[in-house]
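A.B. asks: Use these hints to put chain Z onto chain V, whose structure you have.
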Amino acid sequence: MDGMVVTMILTPAPDGPLEGIRVIDLTTRLGAYTGRLLSDLGAEVIRVEPREGAPERNNAPRMEDGISFSFAFTEAGKQSLIADSSDADYAVQLEHLLDTAQMLLTSEGPALLRARDLHPEDVTDRHPGLVHVSISPFGLTGQYADRPASDLTLLAAGGLLGLAGDPDREPLRAWGNQTSVIAGVHAAAAALIALLSLESTGRGQFVDLSVQEAVAHSLENAVQYLDLEGVVRKRVGAGPAEAGTGLFQCADGWVYLVGGLGGRPLAWESIIEWLTAQGVNEARTLDADKWQERTWRRSLEGSTAFRQIFEKFARTRTKQELYESGQGRGISIAPVAMPEDLINDPQLVARDFFRTIDVGGNPLRFPGPPYRFANAYVGPRSGPPALGSATESLADVDAAADLGYERTPA
Amino acid sequence: MSTGLPLEGIRVADFTWVGAGPFLTKPLADHGADVIKIESKTRTDPIRSMAPFRDGQSGINRSGYFANRNSSKRSICLDLKHPDGKRLALELIAKSDVVANNYTPGTMERLGLGYEAVRRLRPDIIYLDMPMQGNSGPHCDYRGYGLTIAAASGLFGLSGYPDRLPVGTGTNYPDHVPNPLHGAIAVLAALRNRRRTGQGEHIELAQLESTVNTIGPALLAASAGQQTERAANDDPVAAPHGVYRCAGEDKWCAIAVFTDAQWDALTLALGAPAWASRPDLASPEGRRNARRELDVLMNSATQTWDADRLAATLTTEGVPASAVLDADALLNHDPQLRDRNHWIRLDHPVMGPSIYDGIPYQLSRTPGRLRGPAPLLGADTREVCQDLLGMDPETFDSLNQQGVVG
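Going down the list, the protein sequences come from chains V and Z.
Start counting the first sequence at 55; every next residue gets the next number (the numbering used here).
Start counting the second sequence at 164; every next residue gets the next number (the numbering used here).
Same shape as in the complex, but just chain V (with noise of 0.2 Å):
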């Protein structure tokens, strides 16, 4: 059963724990998410767009009409006005709207901020009672704070892209504009404090994020391994090589059985009997007491035996068969998923995980938010705004003060 169906824009949605909050969303893709985190949680985000709408409207891939996924994923729940930089009073309106709002959210660095009058530094000066949660690819100060980046550039700036991949291939991107997650995460994160702090003080503040340093802070322990081993981490494909451990072919895909680690088997007796249990006759010869020896499952040899008699039984069922008689026997495996498998997951399904949402006409299942709450709603309240959606124009912003949009008192 699909979970409810949220469609109208500006229908009062039950309370979540943001309530009351009004983000204004200004941010370009690195920054997207963080607006969308904060709108599932009740807060009223409204991201302003030039009359053309936002160029990120556009961004491929999209469906048959025309409306852009990673958009329609970032956007869900917020509200859409159209400001347009070219308009004469642009910026006395843009200044009108923060009066009205807790929070302020870009996505840039501070050249082109400061470009528009939109440095944290001054706006905070104009605005004392605001949160302006400044994104930036290198954070606001230092000597390449005005480098032009991307999702891609600042992986590796980062540090994360030089950790994926296989050795003998060039470093690897993760798939999607995962800095957008990371930097949204993190952002939200802080936004979070700093409101904590504007509603006991009744003053705002900046925050001043950087993306490379988000990214950094994602490096799992490469960073200590240099430091106390004098190790520098490298790519190593698909994950550490060990006996058990790793992906392994099956009749629709791949699995990854983790089946020991750091050079110790893992729940190996049960991998035996499960073996074998499935008429594998050769998986007796894993009893042998080299199994239980780390430079064995360690070599190349050993690896490849195993390989051998596991691909020989898996190769013949589904990821979702071996991942639920696997699981079944205590056994930690599971399936690579594709997003189609996930649409049809059936832990995911008899959650009501996902929410069915009308997108221009097309019912498209949101995956559910991140977390659930026991007394509050949480989640995708609506799909990506049309463009104007909230009001006409900037112009209309003491309608939309009619509409009920007035400051929550800090």
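Don't take every hint at face value.
What follows is a list of derived Cβ distance ranges for each label pair [as the list claims (entries may be wrong)]:
| no. | chain 1 | residue 1 | chain 2 | residue 2 | range |
| --- | --- | --- | --- | --- | --- |
| 1 | V | 316 | Z | 442 | 52 to 58 Å |
| 2 | V | 285 | Z | 459 | 29 to 35 Å |
| 3 | Z | 467 | V | 324 | 35 to 41 Å |
| 4 | Z | 245 | V | 295 | 39 to 45 Å |
| 5 | Z | 502 | V | 182 | 27 to 33 Å |
| 6 | Z | 221 | V | 343 | 36 to 42 Å |
| 7 | V | 285 | Z | 454 | 31 to 37 Å |
| 8 | Z | 502 | V | 324 | 24 to 30 Å |
| 9 | V | 106 | Z | 279 | 49 to 55 Å |
| 10 | V | 223 | Z | 257 | 51 to 57 Å |
| 11 | Z | 171 | V | 168 | 32 to 38 Å |
These stretches of chain Z come out as covered by chain V in the derived footprint (C-beta under 8 Å, 3 or more residues) [what the hints assert, rightly or not]:
| no. | region |
| --- | --- |
| 12 | 248-261 |
| 13 | 264-274 |
| 14 | 291-302 |
| 15 | 346-353 |
| 16 | 368-375 |
| 17 | 382-394 |
| 18 | 497-504 |
These aren't lab readings, by the way, just hints derived from the structure by calculation.
Beta carbons are placed, not taken as given, at the ideal position from N, Cα and C, and that holds for glycine.
C.D. replies: Chain Z alone, transformed into the frame defined by chain V:
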């Protein structure tokens, strides 16, 4: 004595361990919350035994993997299976605002520390569970690690070269990015709501559901009947867009060209090779169609360049570019991270001065800071029992001898 930190006055009873949970409570601790880790002397946090170790020597107080995730926190050891240990845990919870755990479903309930038990004691508690698959559903008892969550959630399968097996991110990405930080966001939002309404909250962060959001656009595409494939370093529109070989052993530069102006600047910087003026490469669509051939041409043009010099040259001309940095470049050479004082060196009682990740953002008026290195196992048990829970020293010594506290 005020620290001036924005979360001062908030206490967290932190039952999280291993990877994801401690990275959730770390930003709270670094911004002033009193985060008290409840640990076990006999069943120690597995990450305390994970490399890297100071000088390569293992030991429960020597792991940099553990230390980096546990700055600014306190550690106490309780035997939660002993009635007195459980009582002390409940006394601590009664003085806390937040309880967080990432045990398998049912563990906290079996210990008598589940949400319902805690709520009777503290109706306004903010209580976070972070099970792998969720507290309900047919797979709720499934087990796994960061890499299996990445596989089950789709990010692993989409990240890779189209002509090879998927390779993922090379890290346990769900443990470092989506799961801990989504969790921190949820706790902070619930704290805000409690201030407004007086109501507590029971938060359930299923790690699968949280991580699935990292590929949100691909799920919408699947729902519209469009397949998403592994694309290595390709971008849907930009070309050239890739990681190109530079001079030296395993040196690379990431370059992304979205516009005609960037294309002109790129080809000029590379010395205007003959192919730069080909008419079929004059438009973004043309370059995108020729991207495989462009990758070959780019590699031949970049291989004599120093990666940092190439990135500096290109970015000066408006082309997004960066050398692919490894830990040595990040820690010891990158001028931007140095300008920003990103890395923090803290003096740990056993490990000595050691490197910790800095906070990737700064609040201008109420900045956070790493207030101290990771705690030794049970370093704060006596102080917490006596000063916070009001236990007298004799009782503490007696419970200590019985192994209930340590």
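A.B. asks: Hints numbered earlier in the text: which of these fail when held up against the supplied structure?
C.D. replies: 3, 6, 8, 12 and 13
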